[in-house]
Amino acid sequence: MKPTDNPAGSADSGRAPLMTELLVLPDGRILVHSLTEPFAELLRTLNPDDEQIRPRAPERPDK
Amino acid sequence: MTTVLVPTAAPAGTLSRHGRPALARQRAAAARAALADCRLCAHDCGVNRLAGPAGKCHAGADTRVFLAQVEVSDELELIPTYAVAFSGCDLRCAFCITGGPSWNPRLGEPFVAASIAAAARAALDRGARSVMILGGEPTVHLHSALELVAELPAEATLVWKTNAHGSAQARDLLDGMFDVWLADYKFGNDACAARLAGVPNYVRIIEGNLLWAADRSELIVRHLLMPGHVECCWRPVAEWLAARCPGGKVNLRSGFWPAWQASRHPELRGTISAAEAARADEIARDLGLNLVR
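Going line by line, the protein sequences match chains A and B.
Residue numbering for the first sequence follows this note's numbering, starting at 5 and increasing by one per position.
Residue numbering for the second sequence follows this note's numbering, starting at 30 and increasing by one per position.
Hints are supplied without guarantee of correctness; some may be wrong.
Only some residues are given here: those of chain B computed to face chain A with a beta carbon under 8 Å [said to hold, decoys possible]:
#1 Q55
#2 L96
#3 L105
When the alpha-carbon atoms are kept at most 20 Å apart in a straight line, the in silico SDA-like pairs for lysine to any residue are as follows [said to hold, decoys possible]:
#4 B:K278 <-> A:P59
#5 B:K278 <-> A:Q56
#6 B:K278 <-> B:A304
I should point out that these hints are in silico values taken from the structure, not numbers from a laboratory.
Don't be surprised by glycine CBs; every beta carbon is placed ideally from N, CA and C.
Work the whole structure out from these sequences, hints included.
Next up, the structure:
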């Protein structure tokens with residue numbers, strides 16, 4: 005997503021698209037910038053033992 | 030040179046949150062007036078930004094936002110945070126992870142304080158713990174940042190994410206406005222700062238601002254480990270922090286990303302090695318730094 009696609013000036017933040025950037029390295033490390041909550045949940049799902057991600061994506065009570 | 034009177038309602042560092050929005054409104058007007066002879070950052074350009082884009086940052090009086098969303102990648106004590114990123118910066122770090130919008134203040138959407146404030150309030154109502162203003166470098170758009178502070182709830186935790194390259198004039202306008210300063214100490218010597226970010230006299234300027242911020246707000250200092258720069262940059266930064274900010278919070282970040290124009294510098298074409306990260310951690314441990322995540 006290009007930065008200009010983010011309607012940051014919109015008052016309706018509920019529909020504003022979110023943006024996270026990932027860099028997947030050949031050794032399997034994942035660098036993340038601007039991590040959003042939905043993406044943190046996705047990363048936690050992929051690797052529940054990742055200590056960097058776990059506190060950033062608390063488990064939902066209904067899961 | 031234009032003299033800008035900075036409204037103050039209380040001695041520095043003692044402003045209560047209750048009075049913050051009203052004071053921010055006054056300070057925003059002063060910050061906007063200061064653009065006529067802009068000396069908000071240490072470049073001290075003295076250009077008239079009210080007439081249009083000018084100075085090292087190439088910014089005019091209009092502010093644009095390239096990102097405004099709830100994020101969880103920052104320090105655990107601050108997240109979730111509603112992060113508002115202004116386009117434009119006074120530094121030219123070759124490795125900038127937001128290179129395009131950081132270097133070009135004309136990217137992004139026009140800043141409307143009321144709209145962003147409404148979104149921030151909604152995020153706070155949904156559980157965000159703080160509102161963070163960042164860039165680029167938000168000091169470039171200090172007038173807009175203060176306009177936003179004036180629209181936010183007085184009790185909100187406000188975070189100023191900065192390269193700490195602001196001027197004394199900017200500090201006066203910022204005094205008491207933010208609960209947390211999240212400040213970069215990027216380079217441990219002037220030579221690396223000049224070569225990688227095009228900024229002179231870096232160490233003196235940043236250290237002065239960090240000491241000022243530590244005295245007036247909660248300060249968290251960030252250092253991004255760069256490949257090949259553990260000894261020349263991280264070690265001097267760590268030693269200074271241990272000596273001048275003992276016990277202060279330090280976030281040593283090891284996720285260097287060879288972004289933007291990093292490839293212009295051979296040592297910055299890759300990521301941090303495990304050995305470098307371990308060496309950096311060892312330096313931090315030996316100095317007894319208070320590392321936070």
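Checked hints:
The closest approach between the C-beta of B:Q55 and any C-beta of chain A is roughly 24 Å, which is over the 8 Å cut-off, so the hint fails. With 8 Å as the threshold, the beta carbon of B:L96 comes within range of chain A, its nearest partner Cβ sitting at about 6 Å, so the hint holds. Residue-level restraint check for B:L105 holds (minimum Cβ-Cβ distance to chain A is 6 Å; threshold 8 Å). Of the pairs offered as hints, the one joining B:K278 and A:P59 holds, with about 19 Å between alpha carbons and a cut-off of 20 Å not exceeded.
The hinted pair formed by B:K278 and A:Q56 meets the criterion: a straight-line CA distance of about 18 Å does not exceed 20 Å. Restraint check: the Cα-Cα separation between B:K278 and B:A304 comes to about 24 Å, which exceeds 20 Å; the hinted pair is violated.
In terms of the numbered hints stated before, the structure departs from hints 1, 6, listed from lowest to highest.
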